[in-house]
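Protein chains in written order, with the numbering used here: chain A, 132 to 194; chain B, 8 to 426.
Quick caveat, the hints were computed from the structure, so don't treat them as lab data. The beta carbon of each residue, even a glycine, is placed where N, CA and C say it ideally should be. Check before you lean on any hint, since a few could be wrong.
[Unchecked claim] As a list, the in silico BS3-like pairs of lysine-lysine whose alpha-carbon atoms are at most 30 Å apart:
#: 1; chain 1: A; residue 1: K181; chain 2: B; residue 2: K212
#: 2; chain 1: A; residue 1: K146; chain 2: B; residue 2: K217
#: 3; chain 1: B; residue 1: K217; chain 2: A; residue 2: K181
#: 4; chain 1: B; residue 1: K181; chain 2: A; residue 2: K176
#: 5; chain 1: A; residue 1: K181; chain 2: B; residue 2: K419
#: 6; chain 1: B; residue 1: K191; chain 2: A; residue 2: K176
#: 7; chain 1: B; residue 1: K191; chain 2: B; residue 2: K150
#: 8; chain 1: B; residue 1: K150; chain 2: A; residue 2: K146
#: 9; chain 1: A; residue 1: K176; chain 2: B; residue 2: K419
#: 10; chain 1: B; residue 1: K390; chain 2: B; residue 2: K419
#: 11; chain 1: A; residue 1: K176; chain 2: B; residue 2: K150
#: 12; chain 1: B; residue 1: K181; chain 2: A; residue 2: K181
[What the hints assert, rightly or not] In silico contact screen, one side only, chain B against chain A (beta carbon under 10 Å); selected entries:
#: 13; residue: E156
#: 14; residue: L157
#: 15; residue: G215
This is what each chain is made of:
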Amino acid sequence: MKALTYSQAKQELEKIVSAIESGELDVDALTEKVKRASELIAFCKEKLTKTDEELQRILENLS
Amino acid sequence: MAEISLTLSELNGQVRDAIRDHLPDVCWVRAETSDVRRNRNGHCYLEFIEKDARGQNIVARARGVIWNNVFEMLSSYFETETGQQFASGLSVLVRVSVDFHELYGYSLSVVDIDPSYTIGEIARNRQLVLKQLEEEGVLTLNKELTFPELANRIAVISSPTAAGYEDFCDQLTKNPYGFVFYTKLFPAIMQGERSESSVISALEKIYGYKEHFDAVAIIRGGGSSSDLSCFDSYLLATNCAQFPLPVISGIGHERDVTVVDMVAHTRAKTPTAVAEFLISHASQTAADLMDLQQRLVEESELILQTAQNQLNELSRRMIHSSNIFIREELSGIQQLSVILKHQANRLLQVESHFVSEKSQYIRMVSPENILKRGYTLTLKNGKIIKSAKELLEDDVIETLFTDGSTLSEVKKINRKTGI
Numbered sequence: 132m133k134a135l136t137y138s139q140a141k142q143e144l145e146k147i148v149s150a151i152e153s154g155e156l157d158v159d160a161l162t163e164k165v166k167r168a169s170e171l172i173a174f175c176k177e178k179l180t181k182t183d184e185e186l187q188r189i190l191e192n193l194s
Numbered sequence: 008m009a010e011i012s013l014t015l016s017e018l019n020g021q022v023r024d025a026i027r028d029h030l031p032d033v034c035w036v037r038a039e040t041s042d043v044r045r046n047r048n049g050h051c052y053l054e055f056i057e058k059d060a061r062g063q064n065i066v067a068r069a070r071g072v073i074w075n076n077v078f079e080m081l082s083s084y085f086e087t088e089t090g091q092q093f094a095s096g097l098s099v100l101v102r103v104s105v106d107f108h109e110l111y112g113y114s115l116s117v118v119d120i121d122p123s124y125t126i127g128e129i130a131r132n133r134q135l136v137l138k139q140l141e142e143e144g145v146l147t148l149n150k151e152l153t154f155p156e157l158a159n160r161i162a163v164i165s166s167p168t169a170a171g172y173e174d175f176c177d178q179l180t181k182n183p184y185g186f187v188f189y190t191k192l193f194p195a196i197m198q199g200e201r202s203e204s205s206v207i208s209a210l211e212k213i214y215g216y217k218e219h220f221d222a223v224a225i226i227r228g229g230g231s232s233s234d235l236s237c238f239d240s241y242l243l244a245t246n247c248a249q250f251p252l253p254v255i256s257g258i259g260h261e262r263d264v265t266v267v268d269m270v271a272h273t274r275a276k277t278p279t280a281v282a283e284f285l286i287s288h289a290s291q292t293a294a295d296l297m298d299l300q301q302r303l304v305e306e307s308e309l310i311l312q313t314a315q316n317q318l319n320e321l322s323r324r325m326i327h328s329s330n331i332f333i334r335e336e337l338s339g340i341q342q343l344s345v346i347l348k349h350q351a352n353r354l355l356q357v358e359s360h361f362v363s364e365k366s367q368y369i370r371m372v373s374p375e376n377i378l379k380r381g382y383t384l385t386l387k388n389g390k391i392i393k394s395a396k397e398l399l400e401d402d403v404i405e406t407l408f409t410d411g412s413t414l415s416e417v418k419k420i421n422r423k424t425g426i
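Produce the entire structure from the sequences given, and follow the hints as far as they go.
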C-alpha cells in the first residue's frame with residue numbers, strides 16, 4: 132500500500148466499484164473486494180489530509 | 008591643406024546649428040527603451056535603440072532624457088494607460104526634441120509619449136511569440152498535461168519577500184477542509200531585466216526534482232502597474248510550455264494576459280487565486296473519492312440485500328413446497344385408508360353373507376331337522392343302517408325319532424330288484 136500513488140489507488144478503487152456495480156460479484160468475492168476498497172479509500176483520504184512528515188522533510192532538504 | 012581648421016567647439020557649434028536649422032523642433036520617433044534609470048533629481052535617463060528585423064542586432068542608438076517635471080506627468084499617464092511601468096525593453100512612440108550640446112553631444116529629450124503605440128507593440132509582440140510557439144508545436148504542451156488528481160506538492164517560483172507569496176502559503180495552510188499541501192519555494196527575481204533568466208533558472212532547478220512535485224506555481228505580488236515584459240518573453244514562455252509539470256500562473260495583474268499566462272496549464276489572476284484553484288481542485292478530488300465511497304457502500308448493500316432476498320425467497324419456496332408435499336402425502340394416505348376401510352367392509356359383508364348362507368344350509372340338512380320333518384334313522388347294534396340288505400328277518404332294530412326311539416323286530420324283508 133505504501134508504494135501506491137494516489138492515482139493508482141484511485142484507479143484500483145474505481146475498478147472495484149465498477150465490478151461491484153456490474154453485479155458480477157458473489158457475496159464471498161464482495162467481502163474481499165469491499166475490504167480492499169475500504170483500505171484504498173482510507174489511503175486516499177490520508178494522502179489528502181494527513182501530513183506526510185517524511186515527504187515534508189525531503190522537500191525541505193531540497194536545495 | 009588650404010582649408011581652414013575649426014576648434015572642436017566651433018565644429019560642435021556648427022553641428023548644433025545644422026540640427027537646429029534643418030530638423031523640426033519636435034518629432035515623433037519609434038524606438039525601444041533601454042537602460043532606463045532615474046537620478047536623484049528625478050530626471051530619467053535612458054537609451055533609445057532600434058534593432059534589426061530579427062531583433063538580434065542594434066542598428067541605431069541615441070541617448071535620451073525625460074526631465075523630472077515631464078517624467079512625473081508622462082510616466083503616470085503611461086502606466087495608467089498601458090498597465091506597465093515605464094521601463095527598459097518597451098517599444099515606445101515618443102515625441103522628442105533633438106538636441107545637440109557641444110559638451111554632451113547628441114540626445115533626445117522626451118516631451119510626450121503615445122501609450123497606445125506601446126499597447127499595440129506589446130500585443131503585437133505577444134502575437135509574434137505565440138505564433139512562434141505554435142509553429143514550434145509547443146504552445147499547448149503544458150495545457151495538454153493531465154493535472155494530477157492529487158496535486159498537493161507545489162513548487163513555487165516567487166520572490167521570497169513578496170506579500171503575494173505569503174498570501175499564497177497562508178491561503179493553502181488555512182484551507183477549511185483540512186487538505187494538506189506541501190510548498191517549496193524556488194526563489195526568483197520577478198521584476199526587471201534579470202527576471203527572465205532568474206525564473207528560467209528556477210524552473211531548471213525544479214526540473215531536477217520534478218518527481219517530487221505535482222505542479223509549479225509562478226506567482227508574483229500584484230500592483231496596478233508593473234513590468235510584465237519578462238512574462239511575454241519567448242524564452243520563458245517556451246520553458247513554461249515544455250515544462251513536464253503543469254504550470255499555474257498567478258502573476259498578479261488584472262487586465263493583461265501575458266504569454267506565460269497563455270501557455271500555462273492554468274491561469275489565475277493572483278497568488279491567492281492560485282491557492283484557491285489548488286484548494287478547489289483538492290475539493291473536487293475529495294468529492295470524487297466520497298462519491299466512489301458512497302457508490303461502494305450502496306452497491307455492496309444492494310448486493311447483500313439481493314442475496315438476502317434470494318435466501319428469503321429460497322426459504323419461502325422450501326417451506327411452501329415441503330408443505331405441499333406433506334399435504335399431498337397426507338391426503339394420499341387418507342385416501343388409502345378410506346379405500347382400505349371400504350374394501351375391508353365389503354369383503355367382510357361378502358364373507359358374512361356366505362357364512363350365514365352356509366350355516367342355514369347346514370342347519371337345514373342337520374339330522375335333527377331331518378328327523379323333525381318326519382324322517383327316521385334306523386340303527387342295529389348302534390350302527391346306522393342304510394340298506395335293507397344289512398337286515399335279516401327277526402333282527403332287532405332301533406328307530407330314532409326326533410322326540411324318542413323305538414325297538415322293533417324285522418318281520419319281513421322286501422328287496423327292490425335291480426338296485
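Hint check results:
This hinted pair checks out: A:K181 and B:K212 have alpha carbons roughly 27 Å apart, not beyond 30 Å. Pair hint A:K146 plus B:K217 holds up; C-alpha atoms about 29 Å apart against a cutoff of 30 Å. For the proposed pair B:K217 and A:K181, the alpha carbon gap of about 22 Å is at most 30 Å, so the pair holds. With a C-alpha separation of about 18 Å, the suggested pairing of B:K181 with A:K176 holds against the 30 Å cut-off.
Among the hinted pairs, A:K181 with B:K419 is inconsistent with the structure: their alpha-carbon atoms are about 151 Å apart, more than 30 Å. Proposed proximity of B:K191 and A:K176 is supported: the alpha carbons are some 22 Å apart, at most 30 Å. A C-alpha spacing of about 22 Å is found between B:K191 and B:K150, which places the hinted pair at or below 30 Å, so the restraint holds. Distance check on the hinted pair: B:K150 and A:K146 sit about 28 Å apart at the alpha-carbon level, within 30 Å; holds.
Taken as a hint, the A:K176 and B:K419 pair is broken in the structure, with Cα atoms around 145 Å apart against an allowance of 30 Å. A threshold of 30 Å between alpha carbons decides the hint, and for B:K390 with B:K419 the separation of about 20 Å falls inside it, so the pair holds. With a C-alpha separation of about 27 Å, the suggested pairing of A:K176 with B:K150 holds against the 30 Å cut-off. Note on B:K181 and A:K181: the hinted pairing holds, with a Cα-Cα distance of about 14 Å set against a maximum of 30 Å.
Of the supplied interface hints, the one on B:E156 holds, with its beta-carbon coming within about 6 Å of a beta-carbon of chain A, less than 10 Å. With its C-beta approaching chain A no nearer than about 4 Å, B:L157 sits inside the 10 Å limit, and its interface hint holds. Against a cut-off of 10 Å between C-beta atoms, the interface hint on B:G215 holds, since the closest Cβ of chain A lies about 9 Å away.
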